[in-house]
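Q: Under my numbering, read the sequence shown as residues 25 to 87, first letter to last.
These aren't lab readings, by the way, just hints derived from the structure by calculation.
Don't take each hint at face value.
Claimed, not checked - Distance ranges between label pairs, derived from CB positions:
| # | residue 1 | residue 2 | range |
| --- | --- | --- | --- |
| 1 | R50 | G83 | 17 to 23 Å |
| 2 | L55 | A79 | 18 to 24 Å |
| 3 | R63 | Q43 | 30 to 36 Å |
| 4 | R58 | A82 | 30 to 36 Å |
| 5 | A82 | L26 | 28 to 34 Å |
The C-beta atom is built at its ideal place from N, Cα and C for all residues, glycine as well.
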Amino acid sequence: GLYGHLEQALTDIGYHNPQSPKLLMRRLRQLYGRARPDRAELNILRGILAATQRAARAGEGGE
Numbered sequence: 025g026l027y028g029h030l031e032q033a034l035t036d037i038g039y040h041n042p043q044s045p046k047l048l049m050r051r052l053r054q055l056y057g058r059a060r061p062d063r064a065e066l067n068i069l070r071g072i073l074a075a076t077q078r079a080a081r082a083g084e085g086g087e
C-alpha cells in the first residue's frame, strides 16, 4: 500500500531509519488522513515515490 511504499522510499533515500521509533510514519499517516486524497492523487504520490526510488538506486551506482 501507499504507507509501505512511502516508508520504503524514505528508507531508500536515507530520510527514514527503520530502526527508529515510528513517529514519522504516524505523523505522515495523520497528514494523509486529513488530506483524504482520492485514487488519482494517490497514484500521483505512488509515481513520485517510484521515481524517487529509481533516482536513489541510480545514484548509488554513480558514487
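Q: Each hint needs a verdict: does it hold in this structure or not?
A: Hints versus structure:
| no. | hint | in the structure |
| --- | --- | --- |
| 1 | R50 <-> G83: 17 to 23 Å | violated (28 Å) |
| 2 | L55 <-> A79: 18 to 24 Å | holds (23 Å) |
| 3 | R63 <-> Q43: 30 to 36 Å | holds (33 Å) |
| 4 | R58 <-> A82: 30 to 36 Å | holds (33 Å) |
| 5 | A82 <-> L26: 28 to 34 Å | violated (23 Å) |
Checked against the numbered hints given earlier, the structure breaks hints 1 and 5 and satisfies all the rest.
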